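*Asks:* Letter by letter, the chains look like this.
There are 2 protein chains.
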Amino acid sequence: MPSVIKIAFIVVALAWPAAAQQTPKETPLVIEKQGSFFVGGHDIHSETLSTLPAYAPTGTVTVDQMYVRFQIPVNAARHSITLIHGCCLTGKTWETTPDGRMGWDEYFVRKGHSTYVIDQAARGRSAANTSTINSVKTGKAPLDQLPTVFAAGHEAAWTIFRFGPEYPKVFAGMQFPLESQAEFWKQMVPDWSASLPTPNPTVSALSELAIRLDGTVLVSHSQSGIYPFQTAALNTKGIAGIVSIEPGGCPAAGADMRPYTKMPILVLFGDYVDQSPRWAPRLKSCKEFVQAANKAGGNVELVVLPDIGIHGNSHMLMQDKNSLEIADWLLGWIDRQIEK
Amino acid sequence: MPSVIKIAFIVVALAWPAAAQQTPKETPLVIEKQGSFFVGGHDIHSETLSTLPAYAPTGTVTVDQMYVRFQIPVNAARHSITLIHGCCLTGKTWETTPDGRMGWDEYFVRKGHSTYVIDQAARGRSAANTSTINSVKTGKAPLDQLPTVFAAGHEAAWTIFRFGPEYPKVFAGMQFPLESQAEFWKQMVPDWSASLPTPNPTVSALSELAIRLDGTVLVSHSQSGIYPFQTAALNTKGIAGIVSIEPGGCPAAGADMRPYTKMPILVLFGDYVDQSPRWAPRLKSCKEFVQAANKAGGNVELVVLPDIGIHGNSHMLMQDKNSLEIADWLLGWIDRQIEK
Numbered sequence: 000m001p002s003v004i005k006i007a008f009i010v011v012a013l014a015w016p017a018a019a020q021q022t023p024k025e026t027p028l029v030i031e032k033q034g035s036f037f038v039g040g041h042d043i044h045s046e047t048l049s050t051l052p053a054y055a056p057t058g059t060v061t062v063d064q065m066y067v068r069f070q071i072p073v074n075a076a077r078h079s080i081t082l083i084h085g086c087c088l089t090g091k092t093w094e095t096t097p098d099g100r101m102g103w104d105e106y107f108v109r110k111g112h113s114t115y116v117i118d119q120a121a122r123g124r125s126a127a128n129t130s131t132i133n134s135v136k137t138g139k140a141p142l143d144q145l146p147t148v149f150a151a152g153h154e155a156a157w158t159i160f161r162f163g164p165e166y167p168k169v170f171a172g173m174q175f176p177l178e179s180q181a182e183f184w185k186q187m188v189p190d191w192s193a194s195l196p197t198p199n200p201t202v203s204a205l206s207e208l209a210i211r212l213d214g215t216v217l218v219s220h221s222q223s224g225i226y227p228f229q230t231a232a233l234n235t236k237g238i239a240g241i242v243s244i245e246p247g248g249c250p251a252a253g254a255d256m257r258p259y260t261k262m263p264i265l266v267l268f269g270d271y272v273d274q275s276p277r278w279a280p281r282l283k284s285c286k287e288f289v290q291a292a293n294k295a296g297g298n299v300e301l302v303v304l305p306d307i308g309i310h311g312n313s314h315m316l317m318q319d320k321n322s323l324e325i326a327d328w329l330l331g332w333i334d335r336q337i338e339k
Numbered sequence: 000m001p002s003v004i005k006i007a008f009i010v011v012a013l014a015w016p017a018a019a020q021q022t023p024k025e026t027p028l029v030i031e032k033q034g035s036f037f038v039g040g041h042d043i044h045s046e047t048l049s050t051l052p053a054y055a056p057t058g059t060v061t062v063d064q065m066y067v068r069f070q071i072p073v074n075a076a077r078h079s080i081t082l083i084h085g086c087c088l089t090g091k092t093w094e095t096t097p098d099g100r101m102g103w104d105e106y107f108v109r110k111g112h113s114t115y116v117i118d119q120a121a122r123g124r125s126a127a128n129t130s131t132i133n134s135v136k137t138g139k140a141p142l143d144q145l146p147t148v149f150a151a152g153h154e155a156a157w158t159i160f161r162f163g164p165e166y167p168k169v170f171a172g173m174q175f176p177l178e179s180q181a182e183f184w185k186q187m188v189p190d191w192s193a194s195l196p197t198p199n200p201t202v203s204a205l206s207e208l209a210i211r212l213d214g215t216v217l218v219s220h221s222q223s224g225i226y227p228f229q230t231a232a233l234n235t236k237g238i239a240g241i242v243s244i245e246p247g248g249c250p251a252a253g254a255d256m257r258p259y260t261k262m263p264i265l266v267l268f269g270d271y272v273d274q275s276p277r278w279a280p281r282l283k284s285c286k287e288f289v290q291a292a293n294k295a296g297g298n299v300e301l302v303v304l305p306d307i308g309i310h311g312n313s314h315m316l317m318q319d320k321n322s323l324e325i326a327d328w329l330l331g332w333i334d335r336q337i338e339k
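Listed in order, the protein sequences are those of chains A and B. Going by numbering that gives the first Met the number 0, the first residue of the first sequence is number 0, and it counts up by one from there. Going by numbering that gives the first Met the number 0, the first residue of the second sequence is number 0, and it counts up by one from there.
None of these hints come from the bench; they were simulated from the model. None of these values were measured; they are calculated from a predicted model.
Copies of one chain are not kept apart here, so a pair can be met inside one copy or by any two copies together.
Below are the DSSO-like pairs computed for lysine-lysine, each with C-alpha atoms no more than 27 angstroms apart in a straight line: (1) Lys320 - Lys32; (2) Lys339 - Lys32; (3) Lys110 - Lys24; (4) Lys261 - Lys339; (5) Lys236 - Lys32; (6) Lys236 - Lys110; (7) Lys32 - Lys110; (8) Lys168 - Lys320; (9) Lys261 - Lys283; (10) Lys261 - Lys294; (11) Lys294 - Lys236; (12) Lys339 - Lys286; (13) Lys286 - Lys236; (14) Lys286 - Lys261.
Given these sequences and hints, build the entire structure.
*Replies:* Right, dumping it as structure tokens:
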């Protein structure tokens, strides 16, 4: 009889989707206030808005604004958290994971922090400027005026996001929910950032947001990893802390370090970094930045997750199967360094 | 003394922003479950994903998927509501209004309905396909292969959205919060729909969503006004009702009416329609559709808001100052016709 019972148990376990096993039924989420708004943006005149008769070619459009969606819990902690996605993605990055588990956007609210999720300028719900496509199409501008817009293919993204050394090989112990990769690929969108001014308009919008929020932790990822540093260099006002997750770049060690001494900073990397020719040099240069910032009087920490006993994390660690374990660790860091 | 008191009262009233007067402090919002996911989409191969050395030109991307964000209240009503935005906009349409009042997305949840807000295929968080821009840029395809993508300028949109007869004139009694128009213009995004297959991939995605939700009211607007009808023509399964707000078009009166006899249907128009050369013919043709559908045995209603005593509404009636009054009326219609 015991063997029969054991078999039945296994069958039931297999029939349950992974998400149901890992996400216990939650108590209702109680929200003091939620909503969305835009920050930044400016008006431009264009003669090539449209090639269709139903829409006039000439007129004014607003560009470079940043979409922000927020939720404020009852009795919110002093400092809010602002979530800034990376390349080829949108604010969806932080929402429900590809395999249906709770995203950090909701988890942080449940843990008492007001949470602001943005779409970078020219991405997602923040408008791109498509006028030059029509300028070229109608012969008013040469080919090289076309925007520089790229999409990351699944195969290239596989390596960049460190699901494995190359498509479709998988690193041993990988925590990304690859069984739900089809849902993840749907999150990816074309990236217009190479067509935008430098620094990215998202940076000044983040500064405006931080000042408005009067104390927010800027949590960035990958391509946007550098944005909170650029925001602090612009104005440290309102920035309670910086968490740069797997940044595409850290400030140069020779740069003016003073802005980075004004708030606690965490640079966070996942696993398999030493096996990635793309990421290993970035980790190295971030270590140099951390050393320089601390020498200048900063409170800057660099953590590589395997070094604190958390293994198997991809570049998309906010969606990995242990994403809430990492969120808990991160909240602990915020409590120790910022909330106090 | 009374006159002094009266003056003080007027000063206080003027100092309050309009939103504060109209939106009383709400009780906390209690959510059983919230999250986001994608519906639809398929993989394509491209040789022109990128012109940048950091991203490979060749690979697979997923396109035509539809982003969906949802909130389920505790003890939800039997039927959910799916909110489908119109031209040159995203799901933001239904969120916080330009002047900071509660959007229908939250209001319907507070009134007990699970609410699903989508971004149309190739809009907002649903990826557009930008490969042909790079094909043309690299000389691999002729100019006419560039996508047809347009933006509505403020001036043209002013007339289309019936803020007034022409920019910047305002219709008498206008309910749109024009003092916050700068925030509204930031909501507008380029529209790729003319580059998409017909019917728009959003239609099959809506069908998949309706079947999954097993009874949802498809609430569409403007450009997407026709989508629920196209969805019903594809498959009526899961569609509990249709609310088409200011549709750019209704089904032709000569079309097969059978799909439109399977669920209650409401076609809703705002004010000033007879003063708009763009909208007056659309209202007329929708009336012909309603007559034909009812003759075929349908339960189809067409309401022009001034006819029921609600005045001053623009094309963007879900953002007008009386938006929650209209929401209440709409919920009444849903209760009578669908929830019962």
